[in-house]
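Residue numbers (our numbering), protein chains in the order written: chain A, -10 to 96; chain B, 610 to 945.
Hints in this document: simulated from the structure, not taken from any laboratory. Honestly, I wouldn't trust all of these hints.
Claimed, not checked - Short derived list, chain A residues pointing at chain B, Cβ under 7 Å: (1) Ala15; (2) Pro16; (3) Leu17; (4) Phe71.
To be verified - Every beta carbon over 10 Å from chain B, so not counted as near; a handful from chain A, in silico: (5) Cys44; (6) His45; (7) Tyr46; (8) Arg48; (9) Glu49; (10) Phe51; (11) Thr52; (12) Arg53; (13) Gly54.
Where a beta carbon is used, it is the ideal one built from N, C-alpha and C, also for glycine.
Single-letter residue listing:
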Amino acid sequence: MSAACSEIVWLRGLISELRFPPTAPAPLHGDNTSAIQIAVNPIYHERTKHIEVDCHYIREAFTRGVITLPHPNIDLQIADAFRKALTRQRPKFLSSKLMLLDLPASI
Amino acid sequence: MKLKSDGSLDRYKARLVALGNKQEYGFDYEETFAPVAKMTTVRTTLAIAAWPLYQIDVTNAFLPEDLKEEIYMKLPPGMYTTASDEVCKLKRSLYGLKQAPRAWFEKFRNTLLTFSFTQSQYDSSLFFYKTTTGMVFLLVYVDDIILTGNDIGLITKLQHMLHSTFQMKDLRHLTYFLGLEVHSRDHDLFLNQHKYIQDLIKLAGLKDATAVDTPMEVNVKYRKDEGKLLPELFLYRQLVGSLICLTITRPDISYAVHIVSKFMQAPRHLHFAAVRHLIRYLIGSPTRGLFFPKHSTLTLTSYSDVDWAGCPDTRKSITGWCIFLGDALIYWKCKK
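The task is simple: from the sequences and hints, build the whole structure.
Quick look at the structure:
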């Protein structure tokens, strides 16, 4: 999540450097509810001992309004495709989501 | 021989190449790093720019550079002098020299900066130029250059300026860039690597194989020390290397490529079977690629997901994430 967040920061920089109007906060869909809550809630959590740079980084990005952290529907978790083998039905769904198409005859 | 994107002959080339591998660090060369465009930047630029895209070819990019170091080389075959032990001193940079790409980029950068271009802070191979009437972006990947902008007058002016410094062919619409085939219509863009996939299938010797529906066997965990060692090390590495290149337009195979590339060091038969399976998946969808619709918004949306301790060898987690710019997928990554 933190790695994705740093890419967002970089891309936002790139896009705004190209002088396009600054964009609204980018929603970062993660599916780990507790991670999201730790990031959103700045209160010290007694049981989260191993909080590292990653967490603070996300927390800062969140408070600066660079990202928002909605919780997505599991079926819509597109990033799934990048961490496990796809089954036969999933590729079709994901392909249409990822805008991944076979060359259309019209173009 | 230089081939066009459809495989037909473009033109013949002959080149004198220096033996860069005989050069010694600190003596014949110092710095060799030269930046190239990140693929994410290429995709972002293509997704943002709803304008005509052009490409410029520089003929013999490395040749007109002046060398800083003093380098001697043996006479090329076909050239004779009276004394048998004579060598020639290089005045200009040659293909094969370690510093050639750096010298080229440096010169190109300086030329652009004198034309009052600005170099991007986020990707040093992206240059842009803005006036009150419009803007022009220029993306450099060694000697392949993408040019786009909403001010045609400015583009023509820039073309003349570049012509005065470099030897280059005329501007043409972007169709083939680094093996990417770019199809555009009404500013909708479609990127794929059809020719590259065909070549890969041929290389793997799977021309007549049947296609499969999935990039990878489901529910199979690949371990690093399972099965017998593969004798064809070179072929495995070559195929996986080509597959990594292919992920530029194929996010669907990125996880499978991630898995098979873990075993580059010591591939085994099981891993090679996974590569063959992946290539058979490509047979079924050789023209698949990324689609960038026009009038896309500029909001970034991202998704990330983690597989808790998913790697059976190291017990590390695998993270996958992807970022959309509007509807266009511009960035994705699978990482252990």
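Enumerated hints in conflict with the structure, sorted upward | Going through the list in order, the structure violates no hint and respects every one.
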